[in-house]
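Put together the whole structure using the sequences plus the hints.
Residue numbers (the working numbering), protein chains in the order written: chain A, 1 to 112; chain B, 1 to 111.
Heads up, some of the hints might be wrong.
These stretches of chain B come out as covered by chain A in the derived footprint (C-beta under 8 Å, 3 or more residues) [said to hold, decoys possible]:
no.: 1; segment: 38–44
no.: 2; segment: 100–111
A few chain B residues facing chain A, derived, Cβ under 10 Å [as the list claims (entries may be wrong)]:
no.: 3; residue: C12
no.: 4; residue: H49
no.: 5; residue: R91
DEER-style ranges, computed between Cβ atoms [what the hints assert, rightly or not]:
no.: 6; chain 1: B; residue 1: P76; chain 2: A; residue 2: R81; range: 45 to 55 Å
no.: 7; chain 1: A; residue 1: G3; chain 2: B; residue 2: H40; range: 15 to 25 Å
no.: 8; chain 1: A; residue 1: N18; chain 2: B; residue 2: T56; range: 40 to 50 Å
no.: 9; chain 1: A; residue 1: I26; chain 2: B; residue 2: I74; range: 24 to 34 Å
Honestly, the hints are just simulated from the structure, not real lab data. Every residue, glycine too, gets a C-beta built ideally from N, C-alpha and C.
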Amino acid sequence: DTGVSQDPRHKITKRGQNVTFRCDPISEHNRLYWYRQTLGQGPEFLTYFQNEAQLEKSRLLSDRFSAERPKGSFSTLEIQRTEQGDSAMYLCASSLGLDTQYFGPGTRLTVL
Amino acid sequence: DAKTTQPPSMDCAEGRAANLPCNHSTISGNEYVYWYRQIHSQGPQYIIHGLKNNETNEMASLIITEDRKSSTLILPHATLRDTAVYYCIVRGHSSGSRLTFGEGTQLTVNP
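Below you can see the structure in the form of structure tokens.
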């Protein structure tokens, strides 16, 4: 499968714990995007990378959130000191430049 | 990016064409119309996009009006597996080009 992959697919954690998600984009894609989706809503943009550079961050991305793409390939999204309001589906997408964004299956986070 | 308006829900009979409308009256000349769909608990799936001309691929057809203020996504022979939320998104190809999702249309294909 050469699509976008995300790991884990599901994560259950207790409030206050840190969690990290991984996204592997389509291999030749230089742009990688993170979105968050809460129940009943459409996905909302969080941040994006072009190669290893993080070029834009949404105001939704609080100080507890950090994203990296160290070698311009896979990316990680870490949430520190999770809160119940962080429960959501975290989606990753990739594209070649400004071309179509293709999404992964998402990581569903549940904070107890 | 321009705002889009879609009906919250639609029904379609299996085997019939599903026509999903989208209004984007504030679209500007360099903005594309994209359609994605999302089946329950999965990531959004790209369907089709266009700028001015009508487009067709193996999944669907996209009809854009001449003034570009509205468009229609056509699934020619809907199946039960086409039941999903369909998102119409207007996207400019500026340096960032995030996708701004609305609430979409819940399409239910009935047997």
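Violations among the numbered hints, reported as their numbers in ascending order:
Structure breaks hint 3 only.
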